[in-house]
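Note that numbering that gives the first Met the number 0 gives residue 91 to position 92 of the sequence shown, counting from 1, and the numbers run on in steps of one.
If you are wondering where the hints come from, they were derived from the structure by calculation, not from laboratory data. For clarity, every value in this text was computed on a predicted model and none was experimentally measured. There could be a bad hint or two in this list.
Said to hold, decoys possible - Here are the simulated DSSO-like pairs of lysine-lysine, each with C-alpha atoms no more than 30 Å apart in a straight line:
(1) 151 to 132
(2) 204 to 155
(3) 90 to 157
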Amino acid sequence: MMTLDSWKNVILRPLALFSLSFFLVSCAVVPVGGARLLLPSAVFLVLSAVFALLSLIFVKNRKALRSFFAVFMLFFGIFSALFSSYLNFTKNIEPYIALDGKEVYFSGTVTDIIYSKPYAALYTVRTDTLEGKVCAVNTYLYGEHGFDLGDKVRAKAKITALTDVNGAPTEEGRYGYSDGIVISAEATETEYTGSTGFDLSRAAKNIRSYVSEKLMSVLGDRSGGFCAALITGDRSHLPADIHRDFKALGISHILALSGMHLSVICTLIYALTKHLSIHIRRLSVACVVVFYMLLTGFSPSVTRAGIMLLTALFANMLRRGGDMVTSIGIAAFLICIIDPFAPGDVGLQLSVAAVFAIALATGAAKRKEPKKGTVREKGLRYSMKRFAKAALSALYVCVCVNIFLLPLEWLYFAFISPAAPFVSVIISFLATLLLFLLPFLILSFPVAALSAAIAFPVKLLCKTIFLICAGLSDIPNITVSILYPGALFMCIVAVLAFIVFAVTKKRVKAVSGIVCIAVFFALVGGGYIYSALTGERALIDYINCGKSDAVT
Numbered sequence: 000m001m002t003l004d005s006w007k008n009v010i011l012r013p014l015a016l017f018s019l020s021f022f023l024v025s026c027a028v029v030p031v032g033g034a035r036l037l038l039p040s041a042v043f044l045v046l047s048a049v050f051a052l053l054s055l056i057f058v059k060n061r062k063a064l065r066s067f068f069a070v071f072m073l074f075f076g077i078f079s080a081l082f083s084s085y086l087n088f089t090k091n092i093e094p095y096i097a098l099d100g101k102e103v104y105f106s107g108t109v110t111d112i113i114y115s116k117p118y119a120a121l122y123t124v125r126t127d128t129l130e131g132k133v134c135a136v137n138t139y140l141y142g143e144h145g146f147d148l149g150d151k152v153r154a155k156a157k158i159t160a161l162t163d164v165n166g167a168p169t170e171e172g173r174y175g176y177s178d179g180i181v182i183s184a185e186a187t188e189t190e191y192t193g194s195t196g197f198d199l200s201r202a203a204k205n206i207r208s209y210v211s212e213k214l215m216s217v218l219g220d221r222s223g224g225f226c227a228a229l230i231t232g233d234r235s236h237l238p239a240d241i242h243r244d245f246k247a248l249g250i251s252h253i254l255a256l257s258g259m260h261l262s263v264i265c266t267l268i269y270a271l272t273k274h275l276s277i278h279i280r281r282l283s284v285a286c287v288v289v290f291y292m293l294l295t296g297f298s299p300s301v302t303r304a305g306i307m308l309l310t311a312l313f314a315n316m317l318r319r320g321g322d323m324v325t326s327i328g329i330a331a332f333l334i335c336i337i338d339p340f341a342p343g344d345v346g347l348q349l350s351v352a353a354v355f356a357i358a359l360a361t362g363a364a365k366r367k368e369p370k371k372g373t374v375r376e377k378g379l380r381y382s383m384k385r386f387a388k389a390a391l392s393a394l395y396v397c398v399c400v401n402i403f404l405l406p407l408e409w410l411y412f413a414f415i416s417p418a419a420p421f422v423s424v425i426i427s428f429l430a431t432l433l434l435f436l437l438p439f440l441i442l443s444f445p446v447a448a449l450s451a452a453i454a455f456p457v458k459l460l461c462k463t464i465f466l467i468c469a470g471l472s473d474i475p476n477i478t479v480s481i482l483y484p485g486a487l488f489m490c491i492v493a494v495l496a497f498i499v500f501a502v503t504k505k506r507v508k509a510v511s512g513i514v515c516i517a518v519f520f521a522l523v524g525g526g527y528i529y530s531a532l533t534g535e536r537a538l539i540d541y542i543n544c545g546k547s548d549a550v551t
């Protein structure tokens, strides 16, 4: 009879293959849409069913059966992603493409105010009825100003489809696609029809706005706007030059709420509850994780980190080991199932890819059991050794992540910063110190003297970060364009070499590591040479796009 560990060995890897293949294919079909995917879905279903049947009939060896089962799960993940994309197209996109160019009546609830001026305003509206029919779609509404969050509106407007006939987002629609916005409406008539009662997302947005305003009043506009973006994800007050500096240095991930922010907060909760029982501490952390996910509006990267942390807590409660790759896959799969538009979110793609790179680089892709208590050395010398080792490990991980993300950086940003791994280690360390201080600062708002005392080191850390980033971003050619012939090929080769480096040992590991670094330097060198020959430069310009900030 199979033991629990035996079952885990059978299930965990196939589950990772299923969930990761589902996520990757879901991301891949966003640019092409889901209109033509029913036939491939049926083909994959038949092939996977035949494959499973043959494996059960002809394979008697248990190890071979596991391999067949794993491949079946891979096929099943691909099929599920294609079929899910087709369902999303037929249910949430196709009915509204036919309305392109027509003037219709619709009603809904304002969920976000992108901008509001005396002459016009742009809202995100959760549409309830369209031409008298019940629907559930998000809409960009261009209309008169004066509406607030939670207001119910009725409008007569001209509809513009933000997807093509296959369901792929258009140039105008790709910024809102991950939020489920598939149409825009230019209103000729608008009418206020009431207001909703208590709304959880609106309450979270009000809390974010309150925290942002209080931080700015205590720390000043620059430091307060930066801290608000760092702790709540509210970038509406983030100065443009700071955003541009972070982007130029390739460290904008520090501003994107992710596992780093959530891990620091959970570590703080663990430290503050160290005198309580372990079960209460874990329950406290779980509650904080859920609250932070809600506070940040279920940002995809925070949701991914939150699900992974909750999975790890559950595994610890059962006294079982974890599998980081499977946890990543489960988190990505659940996000995509709950929100079929989520695979179009660039932040989620980068977040999942970065965590996968960390798992490969650190060996966390292997299933590990919890370690029993060990006696640790003490003393200043030992502490310095640990700090130096941690700094080198952080640099190593940053280099690995930057290499693994090269294809996505080529696709979305068209430039890289060779200094990113080094700057990321320094700024991440300073940002971590900030994240430890900011919760205490927020809690001290009612006591002016206490908040002023905590604000001093916070301001000092912010100014240090600003000075470092501004000084480094002014260095000529700190960024290099990778939009030149052959750059994508080198990005892919670097990633493949890194994967070989991560999963092999001894001589093969050494050779693949050398190839990986050599290709990365060749990619950077090629960018500088191409820029010198053509006169093109990687120029970073900040563009205020209202709800979302874009950098080109």
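Within 30 Å, alpha carbon to alpha carbon, are residue 151 and residue 132? 17 Å, holds
Taking 30 Å as the top limit, are the C-alpha atoms of residue 90 and residue 157 close enough? 21 Å, holds
30 Å limit on alpha-carbon distance, applied to hinted pair residue 204 and residue 155: Roughly 28 Å between the alpha carbons, so the hint for residue 204 and residue 155 holds.
Violated hints: none; the structure is consistent with every hint.
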